[in-house]
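Chain order of the listed sequences is A and B. Counting from 1, position 198 in the first sequence corresponds to residue 198 in our numbering; the numbering is continuous, with no gaps. Counting from 1, position 220 in the second sequence corresponds to residue 220 in our numbering; the numbering is continuous, with no gaps.
A couple of the hints might just be wrong.
As the list makes no split between identical chains, a pair holds if one copy fits it or if it spans any two.
Once the Cα atoms are required to be at most 20 Å apart in a straight line, the calculated EDC-like pairs of lysine to aspartate or glutamate come out as [said to hold, decoys possible]:
{"no.": "1", "residue 1": "Lys166", "residue 2": "Glu104"}
{"no.": "2", "residue 1": "Lys166", "residue 2": "Glu105"}
{"no.": "3", "residue 1": "Lys8", "residue 2": "Glu229"}
{"no.": "4", "residue 1": "Lys166", "residue 2": "Glu116"}
{"no.": "5", "residue 1": "Lys30", "residue 2": "Glu122"}
{"no.": "6", "residue 1": "Lys166", "residue 2": "Asp254"}
{"no.": "7", "residue 1": "Lys197", "residue 2": "Asp75"}
{"no.": "8", "residue 1": "Lys166", "residue 2": "Asp73"}
{"no.": "9", "residue 1": "Lys212", "residue 2": "Glu237"}
{"no.": "10", "residue 1": "Lys166", "residue 2": "Asp188"}
Calculated directly from the structure, the hints in this document are not laboratory data. Remember, predicted model here, so these are calculated numbers, not experimental data.
There are 2 protein chains.
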Amino acid sequence: MSDETRGKLRRTTTVGELRLAVAAARSEGKSVGLVPTMGALHQGHLSLVEASVAQCGFTVVTIFVNPAQFGPDEDLARYPCTLEADLDALARCGADVAFVPAAEEIYPAGHATGVELGGVAEPLEGQHRAGHFAGVATVVLKLFNMAGADVAYFGRKDYQQMQVVKQMVADLNVPITICECPTVREPDGLAMSSRNKYLAGDARQRALVLWKSLCLARRAVAQGQRDGETILRQMREVIRSAEGAVIDYAALVDPETLAGVARVEQPTLAVLAVKIDETRLIDNCLLEPPLE
Amino acid sequence: MSDETRGKLRRTTTVGELRLAVAAARSEGKSVGLVPTMGALHQGHLSLVEASVAQCGFTVVTIFVNPAQFGPDEDLARYPCTLEADLDALARCGADVAFVPAAEEIYPAGHATGVELGGVAEPLEGQHRAGHFAGVATVVLKLFNMAGADVAYFGRKDYQQMQVVKQMVADLNVPITICECPTVREPDGLAMSSRNKYLAGDARQRALVLWKSLCLARRAVAQGQRDGETILRQMREVIRSAEGAVIDYAALVDPETLAGVARVEQPTLAVLAVKIDETRLIDNCLLEPPLE
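Work the whole structure out from these sequences, hints included.
Listed below in structure tokens is the structure:
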């Protein structure tokens with residue numbers, strides 16, 4: 001793929017280059033949007049880029065597989081990398097800068113400062129992936145500070161991550177606006193995720209139980225069911241109907257605090273983390289009891 | 001004291017007001033300097049304000065006694081407060097904004113995010129005041145983000161704090177420059193500190209042993225002494241000559257890493273924390289072996 005077909009997209013690898021590019025855009029009066037990613041881009045990521053391009057004069061997309069947010073037994077070493085295709089896609093979407101730093105640009109020797117979290121970082125993923133959100137929050141704060149963006153775009157697919165980032169921004173008074181974007185799904189309902197690439201053979205089909213169980217919960221609430229345990233029991237049955245499906249958690253939580261709820265009387269988030277064979281997938285959807 | 005004699009100084013209590021004031025200055029093309037303080041201002045603080053006023057078009061001074069950096073057995077409840085005199089002094093120095101927030105403006109209910117430190121935060125004060133620097137770093141990062149300043153001014157009197165802030169700024173890529181300013185001393189050598197107000201009766205005179213021991217170390221190095229333990233032994237003797245003086249630590253450290261050094265072959269920081277009766281004082285000075 002030649003440079004020309006990458007349109008105006010500029011690839012930078014250092015913080016200094018990134019800051020110069022953003023400063024030049026600012027001097028032209030442009031607002032700056034930021035989309036932090038770990039690459040292996042799919043339409044979920046690209047919808048964030050498209051939102052930024054539509055709303056901001058200048059869009060920075062970061063591609064960095066952040067080691068600090070992977071646990072020792074997780075998939076850092078095999079996390080998918082599709083850099084050339086990612087850059088082509090970003091160019092097509094109209095992004096201005098792809099910031100693709102090496103690990104030592106983000107974590108130079110002697111790096112010793114991080115973000116410490118509580119609150120919405122504690123339940124769910126916080127219980128199952130120790131240190132994950134601290135690693136996410138630290139790199140996200142660093143990327144915010146590097147890019148100096150006005151708006152950063154996050155998807156509801158990683159709902160708790162988005163809430164953790166919003167909590168950090170509020171608690172540390174970071175001068176940036178967080179824009180929440182909807183989950184993008186495959187036609188059959190599977191939430192788009194870079195980890196879907198791991199789903200070999202019929203695992204792709206079995207992975208549909210996440211979305212099926214969320215749809216079941218939504219239907220149950222629409223039909224008047226309010227009891228959380230009843231809804232969760234039905235959801236778990238659907239998931240366990242798939243061979244090789246192991247539930248990390250299935251929960252109904254308050255969409256703001258992520259505290260568990262016993263009855264669905266208010267808008268409530270259904271959240272799932274499920275392993276299909278060795279592939280850990282997460283998904284969520286909002287359950288909205290109809291007004292009486 | 002009437003408003004007029006406060007000159008152009010504007011007192012703000014909310015983050016929103018502070019940001020509006022800074023944005024107005026920015027729109028006039030002014031650079032912004034920040035001096036974070038806990039009030040009870042003395043000439044040490046004012047020298048930082050004077051440096052900012054000389055170097056920046058707009059100077060913000062924050063006055064906030066940060067509960068998060070005090071331990072349970074420390075002096076939060078009796079920390080000196082001289083707000084009216086502080087505001088008069090800031091006006092005389094030419095500061096533009098005094099940001100004097102209430103605690104709930106800085107730490108609203110539900111606040112759950114902080115800064116986690118390692119590296120230069122670990123030795124010395126890090127060993128003697130658990131959680132102190134995490135509290136400092138968190139509030140300093142918040143104040144940086146609230147003010148959006150270009151430069152922040154810190155005194156070498158709180159040398160380790162300054163290094164912790166510099167480490168945090170580098171590690172989190174905070175877009176601000178840290179300006180180091182010299183320790184300001186009383187004519188007899190006592191480092192200026194808000195806590196000097198606690199020195200009752202002859203404690204003020206006995207507190208001079210900190211500076212005397214630092215001067216002794218400097219003389220020893222000038223005269224060729226290079227052995228760290230010998231220098232520290234002499235320093236401790238001077239300090240213990242004062243009644244009621246208890247050493248928290250006396251150490252010779254690398255000025256960048258704050259790691260202990262056994263021999264003074266390079267510029268080395270002598271650092272002290274000493275209780276005089278109930279008053280804990282810190283001081284430091286650079287020992288510079290003459291070129292051979």
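These are the hints, each one checked on the structure:
no., hint, verdict
1, Lys166 / Glu104, "between (27 Å within a copy, 19 Å between copies)"
2, Lys166 / Glu105, "between (25 Å within a copy, 18 Å between copies)"
3, Lys8 / Glu229, "neither (52 Å within a copy, 62 Å between copies)"
4, Lys166 / Glu116, "both (14 Å within a copy, 18 Å between copies)"
5, Lys30 / Glu122, "neither (37 Å within a copy, 42 Å between copies)"
6, Lys166 / Asp254, "within (15 Å within a copy, 39 Å between copies)"
7, Lys197 / Asp75, "within (12 Å within a copy, 57 Å between copies)"
8, Lys166 / Asp73, "neither (28 Å within a copy, 34 Å between copies)"
9, Lys212 / Glu237, "within (11 Å within a copy, 76 Å between copies)"
10, Lys166 / Asp188, "neither (30 Å within a copy, 51 Å between copies)"
Hint check: violations occur at hints 3, 5, 8, 10; the rest are consistent with the structure.
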